[in-house]
Amino acid sequence: MASSIPGSTGQPNNSAANVINQTDMQDDSQQIKTSPTNANSSQTSTQDLDEKPDPISLPEAGRTKFQTAVIMGALIMSLFLSALDSTIVTTAVPTIVSHFNAPSGYIWIGSAYLLGNASVVPVWGKLSDIFGRKQTLLLAVGIFLLGSLLCAISRSMGMLIAARAIQGVGGGGAVVLPNICVSDLFSLKERGMYFALLSSVWALASALGPVMGGVFTSRVSWRWCFYINLPFGGLALGVLVFFLHLHNPRTPLRQGLAAIDWVGNLLIMGGTLMILMGLQFGGDKFPWKSATVICLIVFGAVVIALFCIYESRFAVYPVMPPRIFQYRNTIAAYSLSITHAMGFLGGSYWLPLYFQAVLGANSLLSGVYLLPYVVSSSFASIGCGFFIKKTGNFRWPISVGLFVMTIGFGLLTYLGDKPHWDRIIIFQIIAGLGSSTNFQAPLIAVLANVEPQDSGAATAAYSFARQIGTSVSVVIGGVVFSNAMNSQQGHLRSVLGAQIASEFNGRDASASVQKVAGLSTDQRKIVRAAYWDALQKMFILYACVVFVGLLISLFIRQVKLSQEHVEYKTGLQSLKKEDYGKTKETDKETPPDEKSATDRT
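According to the UniProt record's numbering, the residues represented by the sequence shown are 1 to 601, in order.
Hints listed in this document are in silico derivations from the structure and should not be mistaken for laboratory results.
Among the clues, some could well be false.
Computed cross-link-like contacts, DSS-like style, restricted to lysine-lysine with a CA-CA straight-line distance of at most 30 Å [unchecked claim]:
1) K537 <-> K285
2) K525 <-> K418
3) K525 <-> K515
4) K389 <-> K560
5) K285 <-> K515
6) K515 <-> K65
7) K537 <-> K515
8) K289 <-> K560
9) K65 <-> K390
The following label-pair restraints were derived from C-beta to C-beta distances [to be verified]:
10) R328 <-> Q489: 20 to 30 Å
11) P94 <-> T521: 25 to 35 Å
12) V302 <-> G158: 24 to 34 Å
13) L551 <-> W421: 32 to 42 Å
14) G158 <-> P94: 13 to 23 Å
15) G158 <-> V215: 26 to 36 Å
16) Q499 <-> F555: 46 to 56 Å
17) K390 <-> T68: 39 to 49 Å
18) R507 <-> V302: 36 to 46 Å
Small disclaimer: the values here were computed from a predicted structure and weren't measured.
In this text, a Cβ means the ideal position worked out from N, Cα and C, and glycines have one as well.
With these hints in hand, go ahead and build the complete structure from the sequences.
Here you go:
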C-alpha cells in the first residue's frame, strides 16, 4: 500500500510504512474535533514537513452569532446569484434574440448555462478535497463573475452563449460548495437548519429570476440581468476572503493538478453533456428518432458506464468514490432526490405556462402568481431545518413531505381552464409545503452514513443527481405536453382552421402563448382548453413521479445524528489516508445504535 503514496520507497516490507499504515487506519487525527480543549491540537503523523499550519474554522461554541451570520450571508449570496441566473433570462430571451437578430440562440442562452452547470458539479467537490473548500469556492465565484461580465458586454450571440457556458461552470461550484462548506462548519445535527436555509434561498431565487428578468428587460436593459451579479458577487467574494476560515491544505499547484482524476472528470463531463444535449435536441432541433439524438443519448450512457468502471477499478483519487454508494441510505436518498427535483422543477417550470396560456397573464404576472408555490416551499424548508435540529429525525420529513407533495400535484390536476383563485393559491401552497422538506433532508441521510473524508464527493454527487432530475424533468414534461397538443390537432383544425391550428401543435405551442390573446373569444376558449388538457396530463405525470419518490423513501433508515462538530482536513495528505482506508472492512448496514454517528459527521 505504501508504494501508492508519492515519496514512498515502494518496498513491500518497509516497516516504517507499515507502522504509518496501521496508525492511520486507527487514528482520527486528520479530523479536528471542535471541543474547546482540542480544537487545534491534532496533527497527523504523516503530515508533510513543509506544510505550514493554517487557521481553521472556529468551533461552533467559539464562533459568535455575528461571525456565523456573516459567513452564511456570503454563502447564501453566492448560491442566490447562481440560482438566479438559471431562470433570470427566461423572460429576457425574446428581447436578447431580437437584439442580436439570432433566433437560433433562443434555446442555447438558457441551455449553455445549465449544461455548463450540470457537467462540472461532480468535479468541484473533488477539487475542494485537494485544494481546500475556501480556495475552490473563491475560484468558482470568480469564474461565475467573469462569465457574468462577459455576458453583460457580449457583442454577438456566439459570445453570449460562450459566456453563459463559462458562467454555468462557475455557477455549478457556487451551488454545491456552500453546502460542502456548511458540512465543515457545523455538526451533523445543526447542518439541517443551514442546509434548509440554503435550499430556501435557492427556491426563492429560482422563482424571482423571471420577475427580475422581466423588470430589467422592460425598465433598463437585458444586460442588467448579468451586471447585477457583479456588485453583489464581489461583496460575497470579499466577505468569503476575510471571514470564511476553513482548513487550507496549501496544496502545491503542480502536485494538486497531478492528483486530479483527469480521466474520470473527462468521462463524467463528456457523458453528461452528451446525454443532456441529446435530451435538449430531441423533439426540438431533431426528431427523437433521428440518428443525432439516439447517438448522443446512447454514447453518453456508454461513457457514463465507462466512468463507473474506471472510478471503481483504476482511479487513484476518484471523483465519486464507489464506497459512498455502499449504503442503502445513500442510494435511496440519491434516487428520491432525482424524483423530487423532477417534481419541483415541473411545477416551477410549467405553472407559469399555465398562467400565461390558460389564464392570459403576462410573463411578469406569471412570476407573481407562482409565489404561493415558491414562498411556501422556502419558509417551510427553514421550518424543516429547525425540526431536524430539534429532533435529529430526517426520515419523517422526507416521507411526509413526499406524501404531501404527491397530494399537492394531484390537486393541481383540478385547477381547470378558468381562474379559480382559491384553488390556484391553496393547491400551490400544498405542493410547495410538500416539496420543502426534501431539498436537503435527503442530503442529511447521505452524510449520516458516509465518512467525513467523503462528505465533499457525496454532496457533489447529491447536487449532480438533482441536476440530472431537473434536466430530465423539462424533457419528459415537454414530450407529454407536445404529444397532448398534437393529439388535439384534429379538433383544433375543425374549429380554427388548419393555419391557426398549426401554430398550436406540439412543437410550437409553448412559443405561441402570446398569440392566444389575438384570437376571438370563442377561439380563445377552445385553445385555452387545449392547453389545459395538455398541462393536466403533465401534472398527472409529475404526481406519479413524486409518488415513486415516496415509495423509495420507505427504504431510508434513521441514523442518530451527532451533535459534535468534526472538521475534515482537506489536502493530498488526507486523500492518502483515504487510500489507506480502502483496505478496511466497511460496515454497510450497521444499525445506528451500534455505530456512533459521531465518527460519521
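Here's how the hints hold up against the structure:
1. Among the hinted pairs, K537 with K285 is consistent with the structure: their alpha-carbon atoms are about 24 Å apart, no more than 30 Å.
2. With a C-alpha separation of about 9 Å, the suggested pairing of K525 with K418 holds against the 30 Å cut-off.
3. Pair hint K525 plus K515 holds up; C-alpha atoms about 13 Å apart against a cutoff of 30 Å.
4. For a cut-off of 30 Å, the pair hint linking K389 to K560 stands: about 12 Å separates their Cα positions.
5. Restraint check for K285 and K515: satisfied, since their Cα atoms lie roughly 22 Å apart, inside the 30 Å limit.
6. Of the supplied pair hints, the one linking K515 and K65 is violated, its CA atoms being roughly 54 Å apart against a limit of 30 Å.
7. Note on K537 and K515: the hinted pairing holds, with a Cα-Cα distance of about 23 Å set against a maximum of 30 Å.
8. Taking the CA atoms of K289 and K560, the gap is near 49 Å; set against the 30 Å cutoff, the hint is violated.
9. Using a Cα cut-off of 30 Å, the hinted pair K65 and K390 holds, with the two alpha carbons roughly 19 Å apart.
10. Distance hint check: the CB atoms of R328 and Q489 are about 47 Å apart, inconsistent with the given range 20 to 30 Å.
11. Judged by the Cβ atoms, the range 25 to 35 Å given for P94 and T521 holds: they are separated by roughly 26 Å.
12. Distance hint check for V302 and G158: the Cβ-Cβ separation is about 30 Å, which falls inside the suggested range of 24 to 34 Å.
13. In this structure the supplied range 32 to 42 Å holds for L551 paired with W421, their Cβ-Cβ distance being about 33 Å.
14. As the Cβ distance of G158 to P94 is approximately 19 Å, the hint placing it in 13 to 23 Å holds.
15. Between G158 and V215, the C-beta spacing of about 27 Å keeps the proposed range 26 to 36 Å intact.
16. Separated by about 53 Å at the C-beta atoms, Q499 and F555 satisfy the suggested range of 46 to 56 Å.
17. With their beta carbons about 18 Å apart, K390 and T68 fall outside the hinted range of 39 to 49 Å.
18. Checked against the given bound of 36 to 46 Å, the beta carbons of R507 and V302, roughly 29 Å apart, lie outside it.
Figure legend: structure checked against the earlier numbered hints; hints not met, in rising order: 6, 8, 10, 17, 18.
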